[in-house]
Amino acid sequence: MHETSIVNSIFKTLEQEFNSDKLNKMSGVYLKVGILSNIEPRLLYNAYEAFHLTNPNYHNTKLHIEMSEIKIQCEDCNHVTDVKNYRFLCDQCQRPTKNIIQGEEMLIHKVEFDD
Amino acid sequence: MSIEKSTKAARGTVQCENTNINLLKANDFVADIIKKQMAESKTLLVNITSSAGSGKTTLMQETAKRLKDTIKIAVMVGDLETERDADRIRETGIQALQIVTGGICHLEAQMIHQVLPEYNLEEIDLLFIENVGNLVCPSSFDLGEDFRVTLMATTEGDDKPKKYPKMFLTSDLMLVSKADLLPYVPFSVEAVTIDAREINHELEVIQISSTSGEGIDTWCDWLLKKVKEKKKS
Chain A
1 MHETSIVNSI FKTLEQEFNS DKLNKMSGVY LKVGILSNIE PRLLYNAYEA FHLTNPNYHN
61 TKLHIEMSEI KIQCEDCNHV TDVKNYRFLC DQCQRPTKNI IQGEEMLIHK VEFDD
Chain B
1 MSIEKSTKAA RGTVQCENTN INLLKANDFV ADIIKKQMAE SKTLLVNITS SAGSGKTTLM
61 QETAKRLKDT IKIAVMVGDL ETERDADRIR ETGIQALQIV TGGICHLEAQ MIHQVLPEYN
121 LEEIDLLFIE NVGNLVCPSS FDLGEDFRVT LMATTEGDDK PKKYPKMFLT SDLMLVSKAD
181 LLPYVPFSVE AVTIDAREIN HELEVIQISS TSGEGIDTWC DWLLKKVKEK KKS
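Taken in sequence, the protein lines are chains A and B.
Going by our numbering, the letters in the first sequence line up with residues 1 to 115, in that order.
Going by our numbering, the letters in the second sequence line up with residues 1 to 233, in that order.
Incorrect hints may appear among the rest.
Said to hold, decoys possible - Sample of chain B residues with no beta-carbon within 10 Å of chain A, all distances over it, derived: (1) 36; (2) 66; (3) 67; (4) 88; (5) 118; (6) 120; (7) 133; (8) 157; (9) 187.
Unchecked claim - Using C-beta positions, here's what the derived DEER-type ranges look like: (10) A:98 <-> B:218: 19 to 27 Å; (11) B:191 <-> A:73: 26 to 34 Å; (12) B:114 <-> A:28: 29 to 37 Å; (13) A:27 <-> B:232: 49 to 57 Å; (14) A:54 <-> B:113: 23 to 31 Å; (15) A:55 <-> B:182: 45 to 53 Å.
As the list claims (entries may be wrong) - Derived list of chain A stretches under chain B, where covered just means 3 residues or more per stretch with a C-beta under 8 Å from a C-beta of chain B: (16) 26 to 39; (17) 84 to 97.
Keep in mind that the hints were calculated from the coordinates and are not lab data.
Built from N, CA and C at the ideal position, the CB exists for glycine as well.
Just chain B, same shape as in the assembly:
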């Protein structure tokens, strides 16, 4: 007697559909639209991320002061509440708009896309997105940026890259900020660089201080080089 193998699927109440749909499909779809818009206007889009209080807004102010006569810069800045950061950046004389997320811990492509009509992209060479201060959630959301830059303040401790690996994995450049405080805090630039590069060996590192001005020229040169490359693309 032979045992017949059933060729029919098991009977039950369940019917399956195998899919491979990305959970962030909606976000990535909008991110692609943003990318195309930036390619048309040849605007360099840079997403600035970090923990809260590591100096993103101060860096935006310093960068604007130095570069606003050379290239046209604009900023959009995300926070849960208040327009304080946009106010601070506007004081330097560049366009800055606040995205108030109302409790959401990161910026999504949809939010960027909604604000974009407020900017005259044809005239803007460099557009910064100052993300919500948070090393976790913003790492998962592509905003259509050309580069992701993460600030890592010396006051935060040099153990952060291994604690928040996704952010460092998806960044192109790490700015070690508040470098003027290095003599007073237990922070090793070497250790943080080694840890971050174990995660992402292509990560560039620049040490900066918006207070003393250290490294700001190198950072501005980096930006100008990328803006130039974008114009040629």
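Only chain A is shown next, with the shape it has when bound in the complex:
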């Protein structure tokens, strides 16, 4: 059910950002989602398809999802660590940190329109 909410909020957000002229020409929406966002791409694609059944206006708009891994940056030594197995520790100095620089995002980072 979570995915349905997400799809609804994608279109609600786009409708706030762009006028109806542009929305009619919208051909692609690119999402960038971190693995901490609890979004499962396959389920989101399915929810997206289901959305089109009841909202035919956007059937020309394709969804693209790009997943991003978790990265943290140490506040002490500035070292950037790829987080494995959900251990939020700096690789270099072993200090724990919650300074997540990638992996939590849920962004619409690009929207394509047909000319």
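Put chain B on the given structure of chain A with help from the hints.
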């Protein structure tokens, strides 16, 4: 002969707009409104999350019994169906309203905002949101809360933090509940604490049992301290 580099963008049918819009923008916008309302009335808002059946409602009842003469408490409780939980909490004599989500697996800021007019916030010191029992989706939705508290029952198994990391990453306090059952279940409080703190090193941990009363005083003291801080803010 020199090759001229094209300065024009590739011709095609596509025109792009680069954005960085948060998918949950609508939710976060409403969460901010809730935050402001709570700041005005100086009401502490605590979001209680956990799996289904880990003792959230029982804890609400126990907390209400102990604190209702000291501070003014109210609860809003989310479930997919029925008003059972709100009924149980109302029996303790505090205000409790049920949010029936009708199939949605989490509470969103919009739902909280819709129910808020039913509460007289000026009079309420502590407002609990008892979220839908689910360790996944509720973790993504900011409800404008001051603190997020996650219950982790000893009957669930101590492997949960690493399985549902986002919830533990976004929580401020983990309550290890049903601690009276520790002699009968293969559950290590030490192991669960280590795992949870690998995800979130700032996470506080309190071991409680609503049945035996263990740790409930510590939990209530934690709440009273936070309520006091909110009043001063």
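Structure-based check of each hint:
1. 36: At roughly 21 Å from the nearest Cβ of chain A, residue 36 of chain B sits farther out than 10 Å, so the non-interface label holds.
2. 66: 32 Å, holds
3. 67: 30 Å, holds
4. 88: 25 Å, holds
5. 118: 23 Å, holds
6. 120: 30 Å, holds
7. 133: 14 Å, holds
8. 157: 17 Å, holds
9. 187: Given that every Cβ of chain A is farther than 10 Å from that of residue 187 of chain B, nearest at about 20 Å, it holds.
10. A:98 <-> B:218: 19 to 27 Å: Given about 24 Å between the Cβ atoms, the range holds.
11. B:191 <-> A:73: 26 to 34 Å: 28 Å, holds
12. B:114 <-> A:28: 29 to 37 Å: 34 Å, holds
13. A:27 <-> B:232: 49 to 57 Å: 54 Å, holds
14. A:54 <-> B:113: 23 to 31 Å: Holds, at about 25 Å.
15. A:55 <-> B:182: 45 to 53 Å: 51 Å, holds
16. 26 to 39: With 7 residues close enough to chain B, the hint holds.
17. 84 to 97: holds (count 7)
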